[in-house]
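A.B. asks: Based on the provided sequences and hints, a complete structural model is requested.
Number of protein chains: 4
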Amino acid sequence: MQSSATVVAEGHLIDSQLLTGIFDTVIERGGAFEVLRFDIGRTNDEFSRLALKVSAADDSALAALLEALIPLGCHAAHEHDAIVRDTDRDGTAPEDFYSTTNQRTQIRIGGHWLDVDRQRMDAAIVLVGERAVCRKLRDLRAGDRVVCGLGGIRVLPEFRDRDRGDFSFMSNDVSSERRVEVSVTRIARMMTDVKAAGRRIAFVAGPVVVHTGGARYFARLVRAGFVDVLLAGNALAVHDAELALFNTSLGVDLDAGAPVSGGHRHHMRAINIVNRAGGIRAAVDAGVLTSGVMFECVRGSVDTVLAGSIRDDGPLLDTITDIIDAQNRYTEALANVGIVVVLSTMLHGIGVGNMLPAWVPVVCVDINPAVVTKLADRGSSQTIGLVTDVGLFLHQLAAQLAPE
Amino acid sequence: MQSSATVVAEGHLIDSQLLTGIFDTVIERGGAFEVLRFDIGRTNDEFSRLALKVSAADDSALAALLEALIPLGCHAAHEHDAIVRDTDRDGTAPEDFYSTTNQRTQIRIGGHWLDVDRQRMDAAIVLVGERAVCRKLRDLRAGDRVVCGLGGIRVLPEFRDRDRGDFSFMSNDVSSERRVEVSVTRIARMMTDVKAAGRRIAFVAGPVVVHTGGARYFARLVRAGFVDVLLAGNALAVHDAELALFNTSLGVDLDAGAPVSGGHRHHMRAINIVNRAGGIRAAVDAGVLTSGVMFECVRGSVDTVLAGSIRDDGPLLDTITDIIDAQNRYTEALANVGIVVVLSTMLHGIGVGNMLPAWVPVVCVDINPAVVTKLADRGSSQTIGLVTDVGLFLHQLAAQLAPE
Amino acid sequence: MQSSATVVAEGHLIDSQLLTGIFDTVIERGGAFEVLRFDIGRTNDEFSRLALKVSAADDSALAALLEALIPLGCHAAHEHDAIVRDTDRDGTAPEDFYSTTNQRTQIRIGGHWLDVDRQRMDAAIVLVGERAVCRKLRDLRAGDRVVCGLGGIRVLPEFRDRDRGDFSFMSNDVSSERRVEVSVTRIARMMTDVKAAGRRIAFVAGPVVVHTGGARYFARLVRAGFVDVLLAGNALAVHDAELALFNTSLGVDLDAGAPVSGGHRHHMRAINIVNRAGGIRAAVDAGVLTSGVMFECVRGSVDTVLAGSIRDDGPLLDTITDIIDAQNRYTEALANVGIVVVLSTMLHGIGVGNMLPAWVPVVCVDINPAVVTKLADRGSSQTIGLVTDVGLFLHQLAAQLAPE
Amino acid sequence: MQSSATVVAEGHLIDSQLLTGIFDTVIERGGAFEVLRFDIGRTNDEFSRLALKVSAADDSALAALLEALIPLGCHAAHEHDAIVRDTDRDGTAPEDFYSTTNQRTQIRIGGHWLDVDRQRMDAAIVLVGERAVCRKLRDLRAGDRVVCGLGGIRVLPEFRDRDRGDFSFMSNDVSSERRVEVSVTRIARMMTDVKAAGRRIAFVAGPVVVHTGGARYFARLVRAGFVDVLLAGNALAVHDAELALFNTSLGVDLDAGAPVSGGHRHHMRAINIVNRAGGIRAAVDAGVLTSGVMFECVRGSVDTVLAGSIRDDGPLLDTITDIIDAQNRYTEALANVGIVVVLSTMLHGIGVGNMLPAWVPVVCVDINPAVVTKLADRGSSQTIGLVTDVGLFLHQLAAQLAPE
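Quick note, the sequences are listed as chains S, E, B and D, same order. Each residue of the first sequence is one higher than the one before, starting from 1 at the first, in our numbering. Each residue of the second sequence is one higher than the one before, starting from 405 at the first, in our numbering. Each residue of the third sequence is one higher than the one before, starting from 809 at the first, in our numbering. Each residue of the fourth sequence is one higher than the one before, starting from 1213 at the first, in our numbering.
Think of the hints as simulated: they come from the structure by calculation, not from any bench. Each residue gets a CB set at the ideal place from its N, CA and C atoms; glycine is no exception. One thing to keep in mind: the hints can contain errors.
Stated by the list, open to error - Derived contacts from chain S toward chain B, CB cut-off under 7 Å, selection only: (1) G21; (2) S99; (3) I310.
C.D. replies: This is the structure:
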C-alpha cells in the first residue's frame, strides 16, 4: 500500500448505506482504509461526517479507487479545480472525459463549487459561460469545454429520507407476493402530492395497457388531470386507436375476450384510418377518433411523445421515427416532472430512466418481476417496483383517483 | 414395414385434433398409415368415423405404436378380452400392468365393455367382482386382479366441445397480456352453473392468497357458499390465522403494507395459539379465531383438507402430516366436484391435477406464467390458465359473486 | 342462417390442423357448416380435399366469416378476379385494402392466379405491371394499384411437414424443463443444412449475449462462417466494444465476475473511442478494435445492421437512428436467409418476425419463457423456443460448430 | 416519547449494515434514537461499538421496539437473566415464548451467557440441564423449561465478511444477465474448500435435474465424492430410475429429445420395478438399477433422504411419507454441512433453508428468478442466487470438479 489520500464525506451516511458502500468499495478493489474521524449524527435529523484515509498499491490503483468513491459522495479533503479540456471533434469528448451519474454533481472552477445543470447519467459536463451543464456526447461540438479526469468533482448522493413519507415506506423487494391494494393507495397519494406541489406527473406506457383492458381506466386518469406527460411508443397509440375504432385489441374483442373475424387486420386498418385523417390530432378534430387514451390526451393537452422502434407497424404519422429526435423530445417533456409511472414497457422505461436525475421517484408496474428488477437496478432507492397485473392496477388506481 | 394392424376410432376426431394426433403419432414413431375409411361428420354435431391400417417395422414396434394410439381413442378393429393377472406382492403390480390416463376408459371382459370407475391417471385397473376400478399401486394387495398389457382396453378421449359455453371460449394461451376482467366474468358464470347443476366447487389455494390481500375476498366467497371444498397446505391456514390474530401476513401489516415489530414471529405465535386451543375448529369454537378463511370454512362446513409438506412450520394440529393420508383425503373431497380453481400453488395444484379425471375443468390462477404452463401441460383442453395477480383476481371475483 | 357460400381447400388439412381451424372458425363466429365433400389423403404424402358449405346469419356476417377462413387456405369455389383500386394519398391505402398475412398468397387477375412477391405480414398488395408485390402502407404512393376486399385472394398456408427433419421434431412447448443439449445438436444440424443449401443464416442478438459471456463463443461462430447476417441494436455493439477495450460488460469484469473501479463508465468511454475513430469499421481498420463480435463481423464481411432505439446510449455512428431506414435495411439483409436465430432480444426479435415470410424457421433462445412465448405466438409452427441461459447455449453451439 | 432504554451492540456494524438496520427499525416503528456513543472500527478488521438511547411512545411500544432490535445484535445495556417458564401442554409453548431466528443466540442464566445449541429459525429455546437448545414447538413436552419474553437474550448476527473469499464476492443480485461460467468456478472452489476443511457438502435437488439432462453430470459429482448429503423428494428418484431403466424422463428420450411410445407410463413402471425389488438399495443390490444418481448415492454411501409430498406418484418405498419424520431426517443429515447447493426445487429448498443456521452458505440455482429471489429472501447474506439452466450448470460444474 504505497499510495494514499484522504477523502471526506458528509450527510446521512449510515441511513443511506453510503458508509457501508465506501468501506466495501475500498476492500473489494484491494485497498485499505483508516477512519481518521467519524462524527455520527446523534439523531435521525443530524448529518454524519467522515474523514477517511484510503490506501492502494500504487498511484494508478489509488486513482481508480478514488474514482469509484465519487458516486458515494467522497471527495478529496484538499480539492483542486476540475480539469477542463476542449473537445476536438463533433459528437465526441476527450478520451478522459468525466461521464456523469444521475446524482447531483458539483464541479470546482476558480475555487468555487458550481452546480451542474440538467443532471442525467452517461453525459459529459460542459462549461457554458458561468454554467456547467450535462450534455450528451453526440451534442458536443468541437471547441466545447469538457470536464475531464476526476479532480474537482463532487457528487451529492441522494439521501434515503426515512421521513419523506409514502415513497420511502414502500418495499423495494421485487415480489409478486404483496398486497397491491396498499401500494395503489400510496401511489395515489404521491400523485396527489406531486400535483399539489405544482409539479407534473409522467406516465410511460406500453401497449399491454390496452391488451389488459387498462385503457379505459387510464383514459379516466387522463380526463381527471393526473397525466401531464405521456411517453410511449407507436404501439400504444395504434392499439388504443384499434380499440376506439373496432373495440378490439390485437383483434381480440375486449368485452367478449374472444378474437373477432378479421380482427388481426384491425390494427393495420386503424393505422390507415388515422393516417388518412392526417394523424391523431387531426383524427380527433375530424371526429374519427372519439374515445380512448389518445383522444383524451389530445383533449386534455397532455404532453405526448411517441417514439419509434424497430418493431413498429405503420407507423402513425405522430410517431417520431428518428430516435435521437425522440430522445430529445422525451427529455424536454420530463421537465418539472415530480413522479414517473412506468406501465409495462421495459424499452421505454429504461429510455426514460436514462434521462432522469436521481431525485425523481419512479414507480414501475409490470407483471414480469425480471422487468421490475431490471428497471430498479438502474436507480436503487429511486425506484419502486410493483409486480402485478397492469389492467387491474389501473382499475384500482382509477377507482381511487378518478371514480366514475 | 412388416407388421400391420387395423384400428378404429369415432367421435369429434377433427375438432378435438384427435385425427391430427393419430397421424402424427404414427409418423413420429417411424410407422406408416393408410386410411381405409373415413366418414367425416358433416355438421358440428355429427361424429366422424375412422378405420386406419397402421404398419410398423416389426411386431414389437407395432405393439408400441398401438399402445401410443390408445389414449387417442383408437382400438383394435377386432378386440379380444383384456388380460387380467393377479399381483403377487402388496403395493405393486405385475410388470406389464396397464397404467391409466385420466380419460374415460373401458375394458373388455367376457366379450363386454366395462366402464372403469374412479378414473384417474397413473393408476392400475383392478377387477372387483363385476366392476373395474382404478387403484393406486400402493393400494394393491397380493391377489388383486390387475389389467395387464394393452388388449381389450379402450379410451374415450374427452371431446373438446365447442358448444359447451364459457369454458371452451377461453383462450388456452398462457399470456399476461389479456384482459382479466373478461375471464373473471366467465369463471363466475361457470361457478354459478356448477352450483345450479348440484355439483361442488373446489379451491386449491396457496398462502399467496393471504400475502396478496386476497384472504378477505376469498372469505367472502366462502361465506356466500361458493367454496365447497378447500384443499391447501399448512401455510395457508397458518398465515390466515396470523392475519386473523395479528392483522399481518409474514409479519407485514396488510393495511399499512409495512413490516411490524416482532412480526416475523407472528406466524409461530399463531401456530402456538391455535394448537394450544386444540386446533382450528376448537379455536373457532373457543372464540380464539373470529375471522378469516379458516373461520368461514369451519362455520360454513367446507370440506377442508390441509396437507403437510417439508417446508411446514408447526404444523397446525389440523395438518395431515402423512402424505398418503393427505392424498386419500384430497381424493375423497374431490368427489362430485364440477370445477376446480387453483390459486397460486404449484405443489397442491399438481397434486390435485393428478387425481382428477379429464372431464373436470380446472382454472389455474397464478402471476407466474411458468406455473400456469406447467399445470396446463398436464391436462390439455382441461385447464384454463390465468396469469394475473391473485389478490386482485379474488377482489374482482368476490365483487361479482359475493358483493359486500 | 340466411346466407351461405361454398369454399374449397386442399393440402395437408389434417396434419396441419387446418381442418380443425376451419371448423372452429365457423362455429366460434356463430356460423354453421356442412361438409359437401371430403377426400382424405390416404397416406402421409397425399393431400386432402374439402368442399364446405358455410352459412351465416346475413351477408355481412358471411363476408366476415369468409374473410376469417382465407388464412386457413379456403377460397370461394367459384372465384372472381381481385378488386384493385388506386390509392389517393401517399402513405395510405383505400380503407378496404387487403392486409396480408405472412403466408404464401396468390391473387386472381384476368382470370389467372398470380403469386405475390416479397411476402410479409401487415402489408398491402400492389400491382406493378404484371407482378403483385407486398408493400408497407408507408411506401404506397398516390396512384398505386392496391388489392382491396377479399375476393380473388388465395392463401396457401404452410403445411407442417412431419418429414422435414429436425425442425418439425423439436418440441413447441415453452418449458425450461428440457434437455438443451439435444436441441443444440439439432440447431447445429439445421444451420449446417442451411449453409449446404446455399442459403444464409441470420442472428438477431441482444446485449445479454455479451453480459452472459456468450460473446467469445458467438465470435467463434462468426469466424467459422456460421453468421451471414447480424441484426442487432446499438447496445450489442457498445457492450461488445466495451468488452474488447476494457474486458468488462456493464462495468463487470467478465473473468472475475466482479465490478471494476470506474467500470460503469466503460460503456460510455467505449462509445467515445469508437466514434472518435469514425465508427466500428474505421476502429477495426485503425487497430483500435482488435477482438469481439463486431471485429469478427467486419473481418468476415457479415451483413450487419444496428437499429437504434429510445434507450440507446451514444449511439455509435454505425447505428441507424431512423427506424424506417433501419426496418428497410433489416428487410434487405433478410433476403435468402434460410434460418433465423434470435438470442435474447424481444424487441429486435419481434421486429424481424414481422418481416419474415412464414416459411423461414426461427429459433428463439431466451431465459425468460414469456419472451419465447411471445415470439412463438407470432408464427405458430414457424418458431422453436428454447428457454435456457444464452451464454451457456452459445458455449454449447460453438463447441459443436466451431471447436477451438 | 415517554419511555426509553439504552441498548448496546458491537461488531462489524457498518459493513454488515447492522447500524443502518438499527436506525431504520427505530424510525419505521415510530420511535426516536440518540447515539450516546459510537466508536467506529478504524480499519476493516476492527469492531465498532454502539450505545444507543431508544425512545418510544409508551412502555409497550418500547418493548416492541427492543424486540425488533434483538436480531440486529442489540441488547439491553444492563441485562437481567432470561425468563424461563414451564410449558403446560405437549407440543406447545407458553404464549410469550421467544421464537428464534437462525442467528447465533445466547441467553443469560444465573448471570452467565449461555450459547444456544442446534440454532435454527422458528424454534423455542429450552433449558436442558446446563444447556440451552433450540426445539421445535411440536417437540416440546409439558414441563419443558422454555425461554420466554425478550430479556436476557442476545443475538450475534453473522457479519458479512468481506475477506472470506469467493462467497462474499459473488453478486447477490438476482439476474439472468450474468456470466454463469465465473460463478461455476467459484462454487467449485468453495466446494473444494469445504471438503478440505473436513466438512460436508449437501445438495437439495428437484427432478428438473433429470429433465434438463443434468443427471449424468450430477452422478459424476457423486462418484467423485462431492456429494455427501442428498436431500430430495420422491420425484427426483423416480425420474432418475426412469432414466436408468428406460433412458427417458417423463417419457421423453433424453438423447433424441422426443417422446417415445408409451413413455408417459415409464415413470409408473419405474416405481413398480423398484418397489418390487424392495426399494432403491435393494434394486441396486439386485442389479436392477445399474446407473444414475440414486445408484451412485447407494454405492457412495451418500446420506440420502427422500421426503414425500402431496404430488408424489407411487411413492417409492424409500420415500418418507410423514413430513415430520422427513424434517427430522433432513435436519440430522445437515449436521456438519459446510455448504448447501439447491438445484431447482423451491419446495425442498425452503424446507432446508428453515433448518439451517445463518452461517452455512447456500447456493441456489434455478432458471426462474422468482424462485431464487424467494429463497434468497430468507437468508440475506447467506444465499447466492444463480439464474441459469440447471442442466448446463451441472455440465459446467462436473467439467471442473469431475472431468470424464
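A.B. asks: Identify every previously stated hint that the structure contradicts and give their numbers, smallest first.
C.D. replies: Failing hint: just 1.
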